[in-house]
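Asks: For the protein sequence lines, the chains are C and L, in the order given.
Plus 9 on top of the position in the first sequence (first one is 1) and you've got the working numbering.
Plus 5 on top of the position in the second sequence (first one is 1) and you've got the working numbering.
Derived by calculation from the structure, the hints in this document are not laboratory data.
Take the hints with a grain of salt, since some may be wrong.
To be verified - For lysine-lysine, the following PhoX-like pairs were computed, each having C-alpha atoms within a straight-line distance of at most 20 Å:
no., chain 1, residue 1, chain 2, residue 2
1, C, LYS14, C, LYS33
2, C, LYS33, C, LYS57
3, C, LYS34, L, LYS56
4, C, LYS34, C, LYS57
5, L, LYS56, C, LYS33
6, C, LYS139, C, LYS156
Letter by letter, the chains look like this.
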Amino acid sequence: SEMSKDLMPGPYPRTPEERAAAAKKYNMRVEDYEPYPDDGFGYGDYPKLPNKSFHERDPWYQWDQPDMRHNWGEPMHWDFDMYIRNRVDTSPTPVPWHTMRKHFLIFLSTMLIMFGLGEIFPAYRPVGPKQYPFNDLYLERGGDPNKEPPVVTHYEI
Amino acid sequence: MAAGPPPSASEAYRSNRFVSLPAELDPDTYDASLEKRAADAERLAIRARLKRQYQLQLNNPNPPAIIENPALVRWAYARTHNVYPTFRPTPKTSFLGALFAIGPLVFWVVAFKADRDRKEKLIQEGKYERPFSVF
Chain C
10 SEMSKDLMPG PYPRTPEERA AAAKKYNMRV EDYEPYPDDG FGYGDYPKLP NKSFHERDPW
70 YQWDQPDMRH NWGEPMHWDF DMYIRNRVDT SPTPVPWHTM RKHFLIFLST MLIMFGLGEI
130 FPAYRPVGPK QYPFNDLYLE RGGDPNKEPP VVTHYEI
Chain L
6 MAAGPPPSAS EAYRSNRFVS LPAELDPDTY DASLEKRAAD AERLAIRARL KRQYQLQLNN
66 PNPPAIIENP ALVRWAYART HNVYPTFRPT PKTSFLGALF AIGPLVFWVV AFKADRDRKE
126 KLIQEGKYER PFSVF
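Start from the sequences, fold in the hints, and give me the full structure.
Replies: Below you can see the structure in the form of structure tokens.
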């Protein structure tokens, strides 16, 4: 694009001067700037912002982009497109997350165990073999129409 | 033996990876030190400078055709063009790459082949019962 190379993201900053320059490039304070750890994953010097979705941002402040709740020039999170208001929501839940997880796992395991037990020990009303009409479907099964079909009775009186 | 007292709100509501703490339980809300206020003032100064730049361009009598957002350009560049130059094969990346790229492929190839071989053997021996038979 038209922006110069030193305004674009680059490799991981190694010296404090590079960190200061990167913080200035991304419009952040030097103390706030924290790049992703240099694990070779491809993040480069992009800052590691807190993982908070845009649901948590003040709805009453006058953002430059109100639908995105984002200001012009503000450093964008790496997962910006995940944290928009149509998608992932990290706002605090009414019920603690650990309580929710515990209740969900209890419910899921109970249901799965009961389904498993139902498979091992099935319980249903007695059934017999299926009875077909028309002499046990003699013509449909390819019986000769000229011959007399064998009489099939499924009942005893 | 009676159970202990129920967990307090802050014990129940521990920090976790997926949702943020509510403001009332977050110790940062109650931190009114001078350093925090100075840091907030600096952040506000940066934000005000950027807002001024944006508003000047927006309310310009001859506005430019597009007001380009350099943060957006950098974000797009970092996620597309900057990944390959900064990628480095390390034990962690090689392991993850093998696990997610080669693992499923090999797994499904082996699974389908084994299933097909077993079915073929049953058909050859004549023991295979055809499902979905009308009769």
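Asks: Each hint needs a verdict: does it hold in this structure or not?
Replies: Hints versus structure:
1. A threshold of 20 Å between alpha carbons decides the hint, and for LYS14(C) with LYS33(C) the separation of about 14 Å falls inside it, so the pair holds.
2. The straight-line distance between the Cα atoms of LYS33(C) and LYS57(C) is roughly 15 Å, inside the 20 Å bound, and the hint therefore holds.
3. Using a Cα cut-off of 20 Å, the hinted pair LYS34(C) and LYS56(L) holds, with the two alpha carbons roughly 16 Å apart.
4. Between LYS34(C) and LYS57(C), the direct Cα distance comes to roughly 14 Å. Compliance with the 20 Å bound is thereby established for this hinted pair.
5. Taking the CA atoms of LYS56(L) and LYS33(C), the gap is about 16 Å. The hint holds against a cut of 20 Å.
6. Note on LYS139(C) and LYS156(C): the hinted pairing is violated, with a Cα-Cα distance of about 25 Å set against a maximum of 20 Å.
Consistency note: the structure conflicts with earlier hint 6 alone.
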